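Trainee: Chain residues, written in single-letter form:
Number of protein chains: 2
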Amino acid sequence: MTAFPERILMGPGPSTVPQRILRALGAPTLGHLDPRYIEIMDETCVKLREVFMTENRLTFPVSATGMAGMECVVTNLMEPGDEAIVCINGVFGARMAEVMERAGVVVHRLEVAWGEIFTDEQIAEEVQRQPKAKVLTIVHAETSTGAHQPLEGISKIVHDEGIMLVVDAVTSLGGHPVKVDEWNIDAIFSGTQKCLSCPPGLSPVSFSPAAIDVIESRKTKPQSWYFDVTMLKDYYSGKGKRAYHHTAPVNMIYALREALEIVLEEGLEARWERHAHLHRRLRAGLESLGLSYIPEHSLHTLNCVRIPDGADDGSVRARLLDTYGIEIGAGLGPFAGKAWRIGLMGHSATQANVDLVLAALVDCLE
Amino acid sequence: MTAFPERILMGPGPSTVPQRILRALGAPTLGHLDPRYIEIMDETCVKLREVFMTENRLTFPVSATGMAGMECVVTNLMEPGDEAIVCINGVFGARMAEVMERAGVVVHRLEVAWGEIFTDEQIAEEVQRQPKAKVLTIVHAETSTGAHQPLEGISKIVHDEGIMLVVDAVTSLGGHPVKVDEWNIDAIFSGTQKCLSCPPGLSPVSFSPAAIDVIESRKTKPQSWYFDVTMLKDYYSGKGKRAYHHTAPVNMIYALREALEIVLEEGLEARWERHAHLHRRLRAGLESLGLSYIPEHSLHTLNCVRIPDGADDGSVRARLLDTYGIEIGAGLGPFAGKAWRIGLMGHSATQANVDLVLAALVDCLE
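Going down the list, the sequences are from chains A and B.
Numbered by UniProt numbering, the letters in the first sequence go through residues 1 to 366 in order.
Numbered by UniProt numbering, the letters in the second sequence go through residues 1 to 366 in order.
Think of the hints as simulated: they come from the structure by calculation, not from any bench.
All figures in this text were calculated on a predicted structure; none of them were measured in a lab.
Careful, some of the hints might be misleading.
Which copy is meant is left open, so a pair is good if it fits within one copy or across any two.
[To be verified] Quick list of in silico lysine-lysine cross-link-like pairs, DSS-like style, CA-CA up to 27 Å:
hint : residue 1 : residue 2
1    : K47       : K221
2    : K156      : K179
3    : K132      : K219
4    : K132      : K221
5    : K338      : K134
6    : K338      : K47
7    : K134      : K221
8    : K134      : K47
9    : K134      : K179
10   : K179      : K221
11   : K338      : K221
12   : K156      : K134
13   : K219      : K47
My request is simple: use the sequences and hints to build the entire structure.
Mentor: Set out below in structure tokens:
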């Protein structure tokens, strides 16, 4: 077997995966129609509903990494010629516009500067300007900037106009509150490799009953067969026949089940508070080193700071990796070479890691 | 951790995964841009080229299960309005037609009965009838029927007419010869969970230089962002910058790397011969029990036999599973309730398993 270096993953994901999840991942592969596997899948979906805080029947992990969840949501909810308001304040809002356009959707871009968030007033104005919009999409946790977008006010505004709310929660689920039912979210997607600390490879999604109504009244078939939930929903909902659609990624489901179990053992509230507390500790330390945060409303789970004058981006990150085994993230897009992204996600969010990365930065910035 | 029953996987996939691969799967998760991970990915692609018997630069595992490979090939090669000849002799040919139509392709269906294969003459006639066809797609190993389609003659016929050849090798790669360069295949996809005995979750694909030319001269963007190889090929080819596209399924890549290593240690020729030899042993045993094969040209890797009169499909399979821990496959489509599919793939293809499944069938059919 090949050699693996020891790493502490404090970038934008994956986060460090606990041994318990790695052991679950390496359990014997069962057939995807084996009665015991079906039970494990059902258990996984039940736990996923708890973590998403939803009763949505159609809540399951898409069999591919995080961006596939975005594509699954778009492919199923939207038909060619439909209109969407896409809120863009970083890479992942822009990505959504791109995925929408490939699906033939007329995209209305609502943009604010990278690192900023949207106000209720901006959303209310745009919703008025676009009376034909079917959905509004917004990024709850923008991984490219660390901005943390409040959703409750926005949800009321869009639903008052009969528009559905689609949320990208890739970097928040399991680290920040994500209250799908309370916030009335119609479709949401996340990833396993961020605050759930499961290896990358699955994308949890959830669709509201209203979203399912829209999907069931489509005039056209979704352009993707692989992501078509009309063929998957019986498999994952526990209703009807467990017909074969595609071979499920069996071992990744074992790992996700274990990861969700760990989240629920800790408790959602306690887990959010751990991330909040360690973010405050990290932030105080970074600011005392003269590193300033880019977003005014920062995520706890991803800390995006300006690279100080005189520091060389690549050599600092290389030294962190080589000397300390610590991975942090580079800036993306306009922040390339200008920002670092320090993740505090799931199993990586410990006081030991916070104190170590601060000590390592002191050393590397000398 | 949850309890797992012991299974011997002799269905249509997944096959039994060796401990060595499960251990590789459970190795520590690295970041997808970690220099060591990039090396592991490069090693994986090098080995994949060896197993596909190709020099194709664009040879990599799609980050999703087997059917995603089909969708990746269609999405990249085809544009709306393009024409395709789709050869259908089972579920997976029909699936290809469906995926093509969702991509806006004009599909010319060439059908023979389930379980039969296509003759060179049938292909030659159809190619003459469809002068505007851009590709011809065919299933090398039809998992729903066990039919084994020869490809060399067909490849010459389609290329003589300037048509590209697309091959579904999900159930043959690693069990039967799949000679991508020698057979002049333009695009091919497979799965990890069949004759490679890796868990499900990835879909190896390979595109010829001619296919890349077609992709690079597209007039429209592929409808899928997730499967768009124009954004992936720098990442996987070792050329250019390793830009972020999506988070790779890191641990699944570890497992695939190990699975390919095992294939190459055994040697392709020896592996094909093992599958051939054990197929003959199984076939002799099944036929002596009065079980007849459905396809005249049977795969070695999947053995599709008629359920004998008087035997109850569900109760025999349940007894095999409960008493012997053996999973075999049910029939699909018109063969539901009429056929069993017994897989001899990769790690499951042993003399012990052949003799055990025969003994177990004797017991269950009494």
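Trainee: Is it within a copy, between copies, both, or neither that the alpha carbon of K134 lies no farther than 27 Å from that of K179?
Mentor: Cα proximity of K134 and K179: one copy only (22 Å, versus 48 Å across).
Trainee: For K156 vs K179, is the C-alpha pair at or below 27 Å within one copy, between two copies, both, or neither?
Mentor: Result: close within a single copy only, 14 Å intra versus 58 Å inter.
Trainee: Is the C-alpha distance from K134 to K221 at most 27 Å within one copy, between copies, in both cases, or in neither?
Mentor: Both. Shortest intra-copy (17 Å) and inter-copy (24 Å) distances satisfy the 27 Å Cα cut-off.
Trainee: One pair to classify: K47 and K221, alpha carbons no more than 27 Å apart. Within, between, both, or neither?
Mentor: Neither, since 30 Å and 38 Å both go past 27 Å.
Trainee: Measure nothing new, just compare the shortest in-copy and cross-copy C-alpha distances for K179 and K221 to 27 Å and report within, between, both or neither.
Mentor: Close neither inside one copy (30 Å) nor across copies (35 Å); limit 27 Å.
Trainee: Go through the copies and call it for K132 and K221: within, between, both or neither, with a Cα cutoff of 27 Å.
Mentor: For K132 and K221, the Cα distance is within 27 Å both inside one copy (21 Å) and across copies (25 Å).
Trainee: Within a copy, between copies, both or neither: where do K134 and K47 come within 27 Å Cα-Cα?
Mentor: neither (30 Å within a copy, 47 Å between copies)
Trainee: Is it within, between, both, or neither for K132 and K219, if the alpha carbons may be no more than 27 Å apart?
Mentor: Within one copy only: 17 Å inside, 29 Å across.
Trainee: Can you tell me if K156 and K134 fall within 27 Å by alpha carbon in one copy, between copies, both or neither?
Mentor: Within one copy only: 15 Å inside, 50 Å across.
Trainee: Up to 27 Å between alpha-carbons, please classify K338 paired with K134: within, between, both or neither.
Mentor: Neither, since 37 Å and 47 Å both go past 27 Å.
Trainee: Between K338 and K221, at a C-alpha cutoff of 27 Å, which is it: within one copy, between copies, both, or neither?
Mentor: neither (44 Å within a copy, 31 Å between copies)
Trainee: Is it within a copy, between copies, both, or neither that the alpha carbon of K219 lies no farther than 27 Å from that of K47?
Mentor: neither (33 Å within a copy, 44 Å between copies)
Checked against the numbered hints given earlier, the structure breaks hints 1, 5, 6, 8, 10, 11, 13 and satisfies all the rest.
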